[in-house]
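Counting from 13, one number per residue, gives the positions in the first sequence under the numbering used here.
Treat the hints as calculated values from the structure; they're not laboratory data.
Don't take every hint at face value.
Said to hold, decoys possible - Straight-line alpha carbon distances no greater than 20 Å define the calculated EDC-like cross-link-like pairs of lysine to aspartate or glutamate that follow: (1) Lys116 - Asp132; (2) Lys128 - Glu154; (3) Lys116 - Glu82; (4) Lys92 - Glu121; (5) Lys90 - Glu123; (6) Lys147 - Asp130.
Said to hold, decoys possible - Restraint ranges, calculated between C-beta atoms of paired labels, are given here: (7) Val72 - Asp130: 32 to 40 Å; (8) Thr134 - Ser87: 16 to 24 Å; (9) Asn117 - Thr143: 35 to 43 Å; (10) Glu82 - Lys149: 56 to 64 Å.
Keep in mind it's a predicted model, so treat the numbers as computed, not measured.
For each residue, glycine too, the CB sits at the ideal point set by N, CA and C.
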Amino acid sequence: MKTQTQVDDQLVLLSQYYPAIYDQLIPEQVEVVKPRRRRRKIKSESSTGFKKRKLSDEQVSLLEQNFGDEHKLESERKDKLASELGLDPRQVAVWFQNRRARWKNKQLEQEYSKLKTDHDSTLLEKCRLETEVLKLKEQLSEAEKEINRLAERLDGTSSTSPSSSFSMEAMEPPFFDGFGMEGLENVFCVQDNNYIHGFDWLNI
DNA sequence: TTTTTATCGTCGTTACATCA
DNA sequence: GTGATGTAACGACGATAAAA
């Protein structure tokens, strides 16, 4: 029974060495997805003499030291380092590749957590501002009620003087338009408890 | 000038070692 | 024994420079 991997490997070989036959076997595929060649399973130590070896602490330490100096590895330095460590230059190159990948991942993680912190604090500030807007709307509502009360009182006492009459229609939109605060954020941006009472705001 | 070849880098993945 | 994690190693692929 052949595994999918074995089949894929054979198809790759077939396509490479006998493309015509491969085309007949796999006809009219609009988009032939080139299968990634699978790595052969590494045989056990006993059969090949190979064993994936973990680098010693000294080796890693020297490699780290070199990586700290320079993340890229030119071939001269690679060969020198390899002979110092008693490793194959290819191993040194691979170590640097993996180390660069780890370093990049670390950088991405740090960048992500910084962005997340910024995002969270921005969210907090947004909530604070929304609360402030609600508070200001309440103040505005109270001010309007006060204005109405005073206007009614004025209407009752001096009905003859046109200049003294106060028409609420003059305050029509945008001011009393459902107390919409759009565009007014900076106009009424006062500190907490600095309320503007009565007609004082009219003098501003 | 264009094509081929070699080399090196990144990316994604695999396989193995180690540990809880 | 097993799943999670770390890492050495690999293959695919792209960029680039030098040679043909």
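Exercise for the section: Take the C-alpha atoms of lysine 116 and aspartate 132, compute the straight-line distance between them, and say whether it is at most 20 Å. Expected result: Between lysine 116 and aspartate 132 the Cα gap is close to 24 Å, so the pair fails against 20 Å, i.e. violated.
Exercise for the section: Return holds or violated for the Cβ distance of asparagine 117 and threonine 143 against the range 35 to 43 Å. Expected result: About 39 Å separates the Cβ atoms of asparagine 117 and threonine 143, which means 35 to 43 Å holds.
Exercise for the section: Confirm or reject the claim that threonine 134 and serine 87 have a C-beta distance inside 16 to 24 Å. Expected result: Roughly 47 Å apart at Cβ, these two residues miss the hinted range, so it is violated.
Practice task
Sort out whether glutamate 82 lies within 20 Å of lysine 116, counting only the CA atoms.
Solution key: Holds, at about 14 Å.
Exercise for the section: Take a quick look at whether lysine 90 and glutamate 123 sit within 20 Å of each other, Cα to Cα. Expected result: It is violated: about 30 Å lies between the C-alpha atoms, which goes past 20 Å.
Practice task
Take the C-alpha atoms of lysine 128 and glutamate 154, compute the straight-line distance between them, and say whether it is at most 20 Å.
Solution key: Judged against 20 Å, a Cα distance of about 39 Å means the pair is violated.
Practice task
Would you check the hint for lysine 147 and aspartate 130, treating anything up to 20 Å between C-alpha atoms as holding?
Solution key: Status violated; Cα separation ~26 Å.
Practice task
Given the hint of 56 to 64 Å, check if glutamate 82 and lysine 149 actually sit that far apart at their C-beta atoms.
Solution key: 60 Å, holds
Practice task
For the pair supplied as a hint, lysine 92 and glutamate 121, confirm whether the alpha-carbon distance does not exceed 20 Å.
Solution key: 33 Å, violated
Practice task
Evaluate the given range 32 to 40 Å for the C-beta pair formed by valine 72 and aspartate 130.
Solution key: Cβ of valine 72 to Cβ of aspartate 130: about 35 Å, so the range 32 to 40 Å holds.
Consistency with the previously given hints fails for numbers 1, 2, 4, 5, 6 and 8, ordered from lowest to highest.
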